[in-house]
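Asks: The lines below spell out each chain.
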Amino acid sequence: MSVTVTDPNLETFVLNLGPQHPATHGVLRVKLVMDGEYIVSAEPVLGYIHRMQEKMGENRTYAQFLPNPPRLDYLSALSYNLGYVMAVERAAGIEVPERAEYIRVICTELNRVASHLLWHGAFILDLGGFTPLLYAFDDREQILDLLESVTGARLTYCYFRFGGVYNDVDDDFLAGAKAFVKRMRERLPMYHDLVTNNIILIKRLKDIGFISAEMCRKYGATGPVLRGSGVAYDVRKAEPYSVYSEFDFDIPSYPEGDSYARYRVRMDEIAESLRIIEQACDKIPDGPVRAKVPKTLKPPPGDYYHAVEAARGEFGVRIVSDGTTKAYRMKLRSPSYSNLSLFGEACEGMLLADALALMGSLDLVIPEIDR
Amino acid sequence: MICDTVAQELEELIAAAAAEEEAAGGEAGAEAADEAVAGGGAEAGAQGEAAGEGEEAAAPPPGTPMLRRTEYRSTGYHVDATVAPAQVAEAAAILDRHQFFIETITGVDWPADRQMEVVYDFKHREELCRVVIRARVDRDDPRLPTISHVFPGANWHERETHDFFGIVFDGHPYLEPLLLPEDADFHPLRKDFSP
Chain A
1 MSVTVTDPNL ETFVLNLGPQ HPATHGVLRV KLVMDGEYIV SAEPVLGYIH RMQEKMGENR
61 TYAQFLPNPP RLDYLSALSY NLGYVMAVER AAGIEVPERA EYIRVICTEL NRVASHLLWH
121 GAFILDLGGF TPLLYAFDDR EQILDLLESV TGARLTYCYF RFGGVYNDVD DDFLAGAKAF
181 VKRMRERLPM YHDLVTNNII LIKRLKDIGF ISAEMCRKYG ATGPVLRGSG VAYDVRKAEP
241 YSVYSEFDFD IPSYPEGDSY ARYRVRMDEI AESLRIIEQA CDKIPDGPVR AKVPKTLKPP
301 PGDYYHAVEA ARGEFGVRIV SDGTTKAYRM KLRSPSYSNL SLFGEACEGM LLADALALMG
361 SLDLVIPEID R
Chain B
1001 MICDTVAQEL EELIAAAAAE EEAAGGEAGA EAADEAVAGG GAEAGAQGEA AGEGEEAAAP
1061 PPGTPMLRRT EYRSTGYHVD ATVAPAQVAE AAAILDRHQF FIETITGVDW PADRQMEVVY
1121 DFKHREELCR VVIRARVDRD DPRLPTISHV FPGANWHERE THDFFGIVFD GHPYLEPLLL
1181 PEDADFHPLR KDFSP
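Taken in order, these protein sequences are the chains called A and B. In terms of my numbering, the first sequence is residues 1 to 371. In terms of my numbering, the second sequence is residues 1001 to 1195.
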């Protein structure tokens, strides 16, 4: 993707966006070749917070690596926690008690709503609207308090363990989760009145930042980006893991493929997550929350893969085991990496301000891209 | 089932390459076979020492093109195809034709076999079918063709694999460091890497 400008009459200049720029939400640099206000080509430059998490996965035992995956994506940490423990459980053949699965679903979905709310606030902030952020953070705070009461952390949760969860939830937590569902359902119409149907927002997002379903396929984009291109693909439905097959929920998708479609998908997903949380709280069975698992895990030699639907798309873990206590190879497939890789092609010919809206609608989390 | 169709086409691809190699035959073929046997022997010995357990006598040397149907519940994927390094682009084209999307590309270092493995993950969006394509390359000169012209998304994954393992993807448009610093001359996921 080296920059080549063939037309000699084109007067272009190179513009550096980032690595320190509020619109990139982290240390991401984009090298833009501009023709006035229009983008000729764009090349994301990654790696500013690369930590070689995969090498750490090879150097530590399976349990010691437990706190690392949640630190990839600090906004939906529990999905990463879940993806990793489920991959290890698949490799080691561990069965998880049903109550633990329900707790995992409730917490992960709460985390997804929190992540989407933060995105909502930050995205509108990018577009120049300050107020919605305050509403979104107010609601998100309720989730953080709830999750803090059971996990002990507010952001980089490490609550799920091999064979279950760290500790049981009490009735207060379940009541709190249901109370939040009720509260959030009452708040959502206000979000739509304030933001979704706002004419300024629609003008900034509608028919702008087009990404086709075919482009998503070629680049491996997943999550709300793909669903905003009209493909109702979600790992929770396509490849049901944990107890997701027990719940009645829909996969929102919009065929337009513009930034507004991706916005709508995430807002609808909040409502769908609330449905899952409500059903899980009603149906949660009694019983143990953690299976008996040996202290040192030695999965049989082999190659194992497990994917979950994180807030930004498909998070996959590949474990190559050689039968020892440490993984021989630990591959972490993160969704934003693939989602960002199409940015260069998608933003060609766009106005810079519109490209920033497009980037915001991808919902990037940089530590997860750089790993 | 899309999985069956793809598995069959990949199997045909592998068989066609094997037949071609046999037809090329003559001295070159015999030499290659000799090498394969020698390599296999060394590898079996090394593994026996390391793991202390007997390998199956009939097991083909690692990297031999073949296709396995795997059990999804225990491995997480349905089709596991090892192809010759020169065939990865053709294999990717088959998956592209059947509307698979690219999940990721990565490497695995196998110093005991003097090989490096490149692993491609694909998935279908409508039906539940995960396909893994593998190719093993010589560890001393790890190179194989790019698939970035089939799946543009492979561009970054191949750059990352080049960063971490030093595997060269021939025909890649821009094989520069992506996640590592621009002047990096080391490959941290090689097993003999020391900082």
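Everything labelled a hint here was simulated from the structure, so no lab data went into it. Be aware that one or more of the hints could be misleading.
Stated by the list, open to error - Just so you have them, the derived chain B footprint on chain A, three or more residues with Cβ under 8 Å:
#	segment
1	248–259
2	338–344
What the hints assert, rightly or not - In silico DMTMM-like cross-links for lysine to aspartate or glutamate, where the CA-CA straight-line distance does not exceed 20 Å:
#	chain 1	residue 1	chain 2	residue 2
3	A	55	B	1090
4	A	178	A	282
5	A	218	B	1126
6	A	237	B	1140
7	A	326	B	1176
8	A	31	B	1090
9	B	1191	A	54
10	A	31	B	1176
11	B	1191	A	248
12	A	218	B	1096
13	A	55	B	1185
14	A	218	B	1141
15	A	237	B	1192
16	B	1191	A	58
17	A	31	B	1183
18	A	218	B	1090
19	A	283	A	248
Cβ atoms here follow ideal geometry from the backbone N, Cα and C, with glycine treated the same way.
Asks: Give me the numbers of the hints this structure contradicts, sorted from smallest to largest.
Replies: Those not satisfied are hints 1, 3, 6, 7, 8, 11, 14 and 15.
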